[in-house]
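These protein sequence lines map, in sequence, to chains A and B. Per this note's numbering, the very first residue in the first sequence carries number 1; after that it's consecutive. Per this note's numbering, the very first residue in the second sequence carries number 1; after that it's consecutive.
Any given hint could turn out to be false.
[Stated by the list, open to error] Short derived list, chain A residues pointing at chain B, Cβ under 7 Å:
| no. | residue |
| --- | --- |
| 1 | S73 |
| 2 | A79 |
| 3 | A137 |
| 4 | F141 |
| 5 | F164 |
| 6 | S171 |
| 7 | D174 |
| 8 | N217 |
| 9 | F220 |
Just so you know, the hints here were simulated from the structure itself, not pulled from any lab data. Beta carbons: idealized from backbone N, C-alpha and C, even for Gly.
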Amino acid sequence: MTQNYAPEEFLINALAAELDSVDHVAVGALSPVPGSAALLAQALSDGEQEAGQEARTGAALSGPGQGHKMRVSIIHGDANNPFTDGGRELFDCAGQGRIGAFFLGGAQIDGEANINLLGVGPYPNLDKRFNGSFGSAYVYFVIPKIILFAPDHSRRVLVDKVDFISAPGTSAPDVHRPGGPKVLMTGKCVMDFDADRKRFTLKSVHPGVTVEEVLDNTGFDFDVPEDVPETPAPDAERLQLIRTTVGPEIAKTYPGFAQQVLGFQGG
Amino acid sequence: MTVFEDLDTLAGHVADGALVALAPEYSWVPMALVRALIRHKVRDLHLLCVPIGGLAADMMIGAGVVGTLEAAAVSLGEAGPAPRFIAAVEGRTMTMRDTTCPAIHTALQASEKGVPFMPLSGLIGSDITSHRDDWKVVDDPLGAGGGPIVLLPAIKPDVTLFHSPRADRDGNVWIGRRRELATMAHASATTLVTVETIEDRDFLADETMAAGTLPSLYVTAIAEVEGGARPLGLTDCYERDMDHIRAYGKAAKTEAGFQAYLDEHVLK
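Chain B on its own, in the form it takes in the complex:
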């Protein structure tokens, strides 16, 4: 059964060393929960960006939460490069597993299906592939003339984290068209969700709502956190605060500036 908890209890489910999946900035990132993980001093996470990272990944890297990062890219979008990510890669203070967007989606789909690997076109001849010793190039195993193809091992996250506008009283969570959140939750052992509000009704009894609902079957725990995606945006609820994100991008260019940001916006 899905349980309802407060934010700090929810954050307590994320163990040191866990493989944690996080969606991109347009897809309802649980920033309040990310800040709680930083305050809890969680360490050595294997952070999986599905498939790219932004403000949340950069903050977690800067705060020393991330031991290994797996991502197709990290950036702050219009606010520029992700400074703590770049510093960590160039300074070799974090293990970087480079990949490409559809490889992450495909590897999660393998976990959804409970199969050990999935094939994907492309990739052959990319240096990403030549440096990933867990990927394997094979000849079309069915002999159907498809040529060589890459097999990707399933990725099974320990924890998926996201925010949503609403959950119902039974722990069903509305995700609208953000279907990558469903893929991530299906593939993960544990899914922790923050929501703007918990509504006293059953989403699955309403066909329009049901189509965009992640059933509680996949939801481990929920915390009600108003404004839980800020300063990023949440569809139909609030816009991302570009001034805040730009100010972060500027401050985080130095270690001292980043620490000052943490002191003011995360640790206080």
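Looking at chain A on its own, in the form it has when it is part of the complex:
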């Protein structure tokens, strides 16, 4: 079977599946694939606005009468960005429980879901410096469903212990923490995170990837159930939606990505 989609398109589709039944998804800095996934999930939710759906996660303060359309807020641009009260508004909004899901990456992620966006080596004398921790040290605590996104599935990224904790995966019971990591999406698989057990469990492997390959390329221990299904790939209709509906929208925030990956040549 030949693959007729880019790896990024596969991940957009797989991430969108994790957003099912979230009311409000926010997307932070440097996140073209997560942003596209959120826009895809929104396009899909537009297509199925039936009443009487199951209780939705997140958006604790959203009341009735808001409809079922998923809200997507992408910061760092004027498009798909509803915020009018400055850079703080995303964080204040999250702190109140108005955002249901958010994406975070990590130059390193460990088996307890601690994430490091800052650098490798003994801080502050780093061997390799990355961009920085952004808002992770806050949003990881307050947004109910954090999806960790690590396209480079390797022992370099998925480590036994991070060199620097930008944000901890779990907290002591007395720390106010309504949110945290729920899912890890990599270039090879999907894992679920259980905060009580401080441990990941393999949920599915991407097409063509074996469980052994995931084990070989992961630097931390995790649970492997007896039966590991394959992560669904995007069908033709879904790919069409990504390229024609999501492409022009994400191009407003990430023009380079939209052009190079989704083939969108917009103005």
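Once you've looked at the hints, dock chain B against the given chain A.
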């Protein structure tokens, strides 16, 4: 009273060692003023990115303007990592104060209110917090069962710098929805603004304009500089020049390439 000056006079207000606040790339960065500061050989600034830095921070770091950087992150966005920032941190040629986005917003809000500190959720267990000896973890002081919480000291910048499409004749500056610029100006002792144009009217007499206006009360001086945010973008005026920023990101990977960029685009 707000004064109207030329660009070089405006840049002259920034003293060596000042704590200078600068917004991110989407929020109207005064690039012409940044280039003027580099030409003026300002030194040892404590640069506060509110809350992340980009091209301007990277250029100022590369040009030796910055002694201390406080930022939640620095990057050139789609143009990749910020090369002079990374070289300065890895080479330990600059003091780095790592932080996280809402901590900067919150610390500026403390200054807006004139209170010495503000609490913020999260942060506990992050190595950012364990390395910031000016932050303090306390038990909920009101005993309301909130658990431990972090107190952040107010940040009071000496100078805030930004660019805007327009000011009026009284020195009121239109900021639209870029409200972080208002927070920064409220918190700062001095605010220096470049604008595309100075309009002969009163923004505060027009309710639609007034809602997006930073009153002259907070504005120290203004210079009219057309294209003052280029090569970055300015809402409804011009788009960022991604080819230019990508070329910078490539050139600045080496010290020599960065110097060549400075010679061509800043110092000439």
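| Minimum Cβ distance from A:F164 to chain B below 7 Å? | 5 Å, holds
| Against chain B, with CB atoms and a cut of 7 Å, does the hint on A:F220 hold up? | Since the shortest Cβ distance to chain B is 18 Å, the answer is violated.
| said: Can you verify the interface hint for A:D174: is its Cβ closer than 7 Å to any Cβ in chain B? | reply: Holds - the Cβ of A:D174 comes within 7 Å of chain B, reaching about 4 Å at its closest.
| said: Holds or violated: the hint that A:S171 contacts chain B, with Cβ atoms closer than 7 Å. | reply: 6 Å, holds
| field | Hinted contact A:F141 with chain B - closest CB pair below 7 Å | value | 4 Å, holds
| said: Min Cβ distance, A:S73 to chain B: is it shorter than 7 Å? | reply: 13 Å, violated
| Can we keep the A:N217 interface hint, with Cβ of chain B closer than 7 Å? | 24 Å, violated
| said: Quick check on the hint: A:A137 CB to chain B CB, less than 7 Å? | reply: It holds, given that the least Cβ distance between A:A137 and chain B is near 4 Å, below 7 Å.
| task | For the hint on A:A79, just tell me whether its beta-carbon gets within less than 7 Å of chain B. | result | 11 Å, violated
Figure legend: structure checked against the earlier numbered hints; hints not met, in rising order: 1, 2, 8, 9.
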